[in-house]
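If you want the building blocks of each chain, they are given just below.
There are 2 protein chains.
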Amino acid sequence: MSEFRFELVATDGAARTGIIHTPRGTIRTPAFMPVGTAATVKAMLPQSVRETGADILLGNTYHLMLRPGAERIERLGGLHKFMDWARPILTDSGGFQVMSLSALRKISEEGVRFQSHIDGHAEFLSPERAMQIQRQLGSDIQMVFDECPALPATHAAIEKSMALSMRWAKRSKAAFAEQTDEERRGRACFGIVQGGTFSDLRVRSAEALKEIGFEGYAVGGMAVGEPQAAMFDTLDATVPHLPADRPRYLMGVGKPSDIVGAVRRGIDMFDCVLPTRSGRNGQAFTSEGPLNLKNARFAEDPSPLDASCCCPACRQFSRAYLHHVVKSGEIIAAVLLTWHNLTFYQNLMRDLRQAIAQFRLESFAAGRSTFMEDETSA
Amino acid sequence: MSEFRFELVATDGAARTGIIHTPRGTIRTPAFMPVGTAATVKAMLPQSVRETGADILLGNTYHLMLRPGAERIERLGGLHKFMDWARPILTDSGGFQVMSLSALRKISEEGVRFQSHIDGHAEFLSPERAMQIQRQLGSDIQMVFDECPALPATHAAIEKSMALSMRWAKRSKAAFAEQTDEERRGRACFGIVQGGTFSDLRVRSAEALKEIGFEGYAVGGMAVGEPQAAMFDTLDATVPHLPADRPRYLMGVGKPSDIVGAVRRGIDMFDCVLPTRSGRNGQAFTSEGPLNLKNARFAEDPSPLDASCCCPACRQFSRAYLHHVVKSGEIIAAVLLTWHNLTFYQNLMRDLRQAIAQFRLESFAAGRSTFMEDETSA
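Top line first, the protein sequences correspond to chains A and B.
Here my numbering is used: the first residue of the first sequence is 4, the next is one more, and so on.
Here my numbering is used: the first residue of the second sequence is 4, the next is one more, and so on.
Honestly, the hints are just simulated from the structure, not real lab data.
These numbers were taken from a predicted model, which means no experiment stands behind them.
A hint or two may mislead.
One copy or two, either will do: identical chains are not told apart, so a pair holds if it fits within one copy or between any two.
Unchecked claim - In silico SDA-like cross-links for lysine to any residue, where the CA-CA straight-line distance does not exceed 20 Å:
id, residue 1, residue 2
1, K258, L351
2, K84, E333
3, K84, R27
4, K84, D304
5, K297, D122
6, K173, E210
7, K84, C313
8, K84, A106
9, K330, H124
10, K173, R70
11, K330, R70
12, K213, A166
13, K84, P307
14, K84, V38
15, K173, N350
Start from the sequences, fold in the hints, and give me the full structure.
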């Protein structure tokens, strides 16, 4: 199979399970993509990430363009070789990070001028530059360059920003189309729906993207602090306007309950730093709900972190040991809890895929509501 | 094999290769023991430590008594189970750390009162308490409690300190002998020769320890900043006075050239934080000499860290990648360089054992002199 292709396997209500075929391997959907910001999923070796069940990673255009640089990675043979991950990689376009991390941003029709958050160096991102970088990295799924406005904002402000993102989406697609046949072979370009929490803008954005035409469609501008209900409302308004035969990706989301709710609304792909970042902070997702390993009640607890999990943290160590290494600031604490959290997320995706294939997603989601509700008190 | 036993396999000049048999597994000598200070070899999973070739780890009585506490580890089933390392563990007695890390030390004939460097808590270590802690941890090789004086010091000061350490060695052995048969089964107690760089004191100390009688003999009080030549001179004066049929352990040493020189003088066991600590600081030991991965000359170097090494860092990644993750402060940099450095050390020990068994240690050591000399400029 040398082309990019989405195979729908089964649906259950609005939810779907399928397979994305790419030259670098298949991606089982609904899929969770661990975040490999700076060419590493923090604290993990690539083979360990694969062992958790990940089919695809996310790489960050913004971080990689600043360090070590896209041109350098290209000369070294591309991102896959550089970070020793032979399977698919999706790269974002830098639009989100340029807003959240960089200094002295100046947005124009052309693109965004900004200063690197690492060394203050002057940088520039535009649809054309973002697509060039993603080509240099050798990304399998390349995202259009978009503007991510801060929420809350007025309808007029979001409308203006969305319209700019749609013009940028068109330029991004054109830049992607100019990659050589050899470069583009089996690679995909995804559009990103914007429009904040305004349903009318989301619908207009989705229609504009369909008019351009993409191999997949993302919902962007979420996971920026809005309540879960607002995100679900936005998905309810948006997803019906996305083509059924293309993968749908909810960017930057989320907590397990966010993912379950979004899958029920027809989302196929997710990425989030939560499992990795939480792992480095002593937090674990478990079948009993989230646990903070710093808590003194674990100091002499001989039981495994999660008896239903088969990751190394749960198979080899006690909660007492994990508490000890978290309290001691040991590197192995970050390694073990990241490994566990990624395993938890991948097991959740596996269970969701299976539930959809067996037409029992609603009862599965209801059965998981207990640990979902616990999260807010974590 | 249920008893502790040292089997001498071959000698080459003063150097020896052998096997220490213990109920928890065999230790091939000369052996390097990675340091697992706080119940983890920093940045490594135990199975990864084993993959580097380690037969035995070192645990720190001082650190473990303070956090999580020896009583707690005993209730949780002992140190081996706690940290998931089923093979032999040697524990130091805390004598060295109480001098180098703790505050407000007060030494008396009875022992040492001090404050924890973690929380200022008042603590006490004595020969009896140190042996009790090592029993609670379930240590396979337990070290006597000794005083480690700072160097340089006068002959009179070192003599007085050494005499105290010898009285403590006698009390340590008596406390070890009071452990039940079941507890002591297959476990060993090692004496520690003190005496600074004074040959006459080293000889007297060795004789005093032989009089008490131990399963093995360590040379302590080295690796505290003295020149390599002074350490070798001390070994030349000391080792001939140690029993040939017992293992000899040079505590806290050292650089690769230190180890080669000490093996040539008849030392069988080593421990040192150098490979692990260097790994966390971006330093790698290689067959070309030590390399600092922070150096900009590696930024686009596609070659492996050490082409003759088969660890994951060398097999899967380029120097350019290692440079990138070191510069970015990524956890995986510490993991990969620690893994590599421990592999380098274990490969050195394997090569030393083979060279001794084949009666070609002198030519082996001469052939290694190039990378040894490079070290000083690292």
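To see whether the hints hold, each was checked on the structure:
1. K258 to L351: Answer is within: at 11 Å inside a copy they meet the 20 Å cutoff, but 47 Å across does not.
2. K84 to E333: between (29 Å within a copy, 18 Å between copies)
3. K84 to R27: within (12 Å within a copy, 41 Å between copies)
4. K84 to D304: Classified as between; 13 Å across copies, 42 Å inside a copy.
5. K297 to D122: between (34 Å within a copy, 17 Å between copies)
6. K173 to E210: within (13 Å within a copy, 86 Å between copies)
7. K84 to C313: For K84 and C313, the Cα distance is within 20 Å only across copies (18 Å; inside one copy 29 Å).
8. K84 to A106: Close neither inside one copy (31 Å) nor across copies (50 Å); limit 20 Å.
9. K330 to H124: Between. Shortest inter-copy distance 17 Å satisfies the 20 Å Cα cut-off; intra-copy 37 Å does not.
10. K173 to R70: Answer is neither: 28 Å inside a copy and 59 Å across each miss the 20 Å cutoff.
11. K330 to R70: between (32 Å within a copy, 9 Å between copies)
12. K213 to A166: within (14 Å within a copy, 87 Å between copies)
13. K84 to P307: between (36 Å within a copy, 13 Å between copies)
14. K84 to V38: within (17 Å within a copy, 33 Å between copies)
15. K173 to N350: neither (37 Å within a copy, 57 Å between copies)
In summary, the numbered hints that this structure violates are 8, 10, 15.
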